[in-house]
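Number of protein chains: 2
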Amino acid sequence: MNLKQLAHMLALSQTTVSRALNGYPEVNEETRRRVMDAAKRHGYRPNPSARRLATGKSGMIGYVLPTGAAVDIDPHFVEFLSGLGDYARSHELDLVLSPADADDQETTYRRIVANRQVDAVYISSPRPQDSRVALVSTLGIPYLVHGRSEGLDFDYPYLDIDNEGAFHEAARLLVQLGHRRLALINGDDRETFAIHRERGVRRALAASGLTLGERHVCSVAMTEENGYRATRRLLEASDAPTAIACSSLIMALGVVRAVRDLGLTIPGDVSLIAHDDVFPWLKPENFSVPLSTTRSSIRLAGERVAERLAARISGLEEGARGEVWPVDLVVRGSVAGAPA
Amino acid sequence: MNLKQLAHMLALSQTTVSRALNGYPEVNEETRRRVMDAAKRHGYRPNPSARRLATGKSGMIGYVLPTGAAVDIDPHFVEFLSGLGDYARSHELDLVLSPADADDQETTYRRIVANRQVDAVYISSPRPQDSRVALVSTLGIPYLVHGRSEGLDFDYPYLDIDNEGAFHEAARLLVQLGHRRLALINGDDRETFAIHRERGVRRALAASGLTLGERHVCSVAMTEENGYRATRRLLEASDAPTAIACSSLIMALGVVRAVRDLGLTIPGDVSLIAHDDVFPWLKPENFSVPLSTTRSSIRLAGERVAERLAARISGLEEGARGEVWPVDLVVRGSVAGAPA
DNA sequence: AGAGTCTTCCAAAGCGCTTTGGCTTTCCTG
DNA sequence: CAGGAAAGCCAAAGCGCTTTGGAAGACTCT
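The listed protein sequences correspond, in order, to chains E and W. Going letter by letter, the first sequence gives residues 5 to 344 in my numbering. Going letter by letter, the second sequence gives residues 5 to 344 in my numbering.
Just so you know, not all the hints are guaranteed correct.
To be verified - Partial selection, computed: residues in chain E whose CB lies under 8 Å from chain W:
hint, residue
1, 48
2, 99
3, 104
If you're looking for bench data, these hints aren't it; they were derived computationally from the structure. Each residue gets a CB set at the ideal place from its N, CA and C atoms; glycine is no exception.
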């Protein structure tokens, strides 16, 4: 059932039917009702390919997925996706993932916008002076950055959490508990979130005249194994920290294992706070010692990103609005006063 | 730069240019070279919307993503996606995720094939008599099932791992080590993979005249917390098992924690084998006691699914070919002889 | 009553590609 | 050299929608 047939059976022109369906004003309300009705009754659905060719709108939002044998997709992605999908579903939006060589995403971005394959894109895991956001902004397609870049000479729309504030609060608490030597087990420090977190820790320490030792901050891919290794290295050194801030729950698993392997305890010998993106399958309160966390639901972020993208597509949102969500500091058993 | 312009500047018809580009035979090789050359030089890329409208082919593969506030996307998905994306990239395929109400995916399937939005779809986490595979097969779009259904009155193409064999081997090993009371901590037993695994365990036990006690098999969402709870329940009972087979590494985390909480040890008091889908961020060899696993890379499966879908799209693969991958049993420190 | 203004609808021109059907031209074959 | 086949190219008709530029009729106003 296509427009032509529908129009014919209503004894109307395609023009009128199309306009009736798309809510244009120049059609009699009575006629519109008739059209709407017939459309519903016959299950008419405009062919998206045709509509896209005519309008250039696709009803999809795009994401360039960095791939490659050596590239691991962040497990957080799936939670983010849950939220995004949840919103997208209720608005009949689809998400298209365009796999790209991790080292050459530009080609893919150019392709998907040149081809008008998607109405909007979002960018995740941005870095300072991220070339993708510069690119996309010149390409002139609605977009949203999940996270923040830095050092760009223009403003851009984003949704981020207050990573600096979160880790500032975490570190401040640890300092107040008497800790003098903190360590930070961070994610890839080429990404802005990691930079912000480190900044937060440093600021908190500085406020008490402390510093984050060169060897007390490490930046690694967020795996259990790396959490373990980093912790071993930290705790086996002569100036071992008495408290650790950690950028992910998965790494925290490794931290806990390392601490145990060394015959130490949490929080007796070392306090631990980790960032929790809120996974359904791994909860900080269920760690052997309930884990203190900085908590922010990445799933909700996904929903919000979808919502704002939809708003931008329909022109309801414009300009370079930045949105920063506060992060909860949830204190559980894994922190205590510094050991004597 | 569109076809018309290109044709005009080559002083050829659109027909010929189109044919030259798409490798049709009825065009002079010399002409084809000229066309190809000009196309490359001017960076001509056919507009996919137009092509799609004309051919009905979209160059995308689809996946219906069950969503909802209560629905959690499986974290395995992201690894599968890595593989799929890796292959898709090298073949210029995009992946479109169509979010759907988890309880009504049919509508969405119908929509994406009626709209010709995708050239093929894959179905994951199939259940016995899965209505989705019946639906998709009648809809007449190329598809592939990742996993297997059961009790369908027709054949279908799939890629699965030998879940039954894997858990059969795992259980057989445990039995050989003297264990008489095994337990299985399984995933959702409405899904075929879980059924197969249970079947494998039962078959191994039966071969030695043993059975899997009613209370020794549990079927839960695969979270750390559920692994923990199940293990506590199992081990605190009077007929506590001396060996546990577990359907996921994430649940195994909970198993390990529960065992430890109870003051027991692995493998002294209880042996443990878990299934490992191979995550980059959580490795069985790094468990406090290195974990024995049945191992199969879900990432490779993703690649293969993409490969076969591409083959089916281009007509290179046909019919209901099933493909079952063997699963490695990797023995590490978490298994030992049954306690006296 | 005539001019101007809405209102409501329509025919037809795209959007950029593929593909059908046909038209020349060249090349054999007997 | 006539007749037929094959090669190489083209014009034009879709694919199914949106949108432009009217046009016809109804209504208001002077």
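Now for the hints, and whether the structure bears them out:
1. 48: 11 Å, violated
2. 99: Hint on residue 99 (chain E): holds, closest Cβ of chain W at ~5 Å, below 8 Å.
3. 104: Holds. Min distance 6 Å.
Violated hint: 1 only; the structure is consistent with all others.
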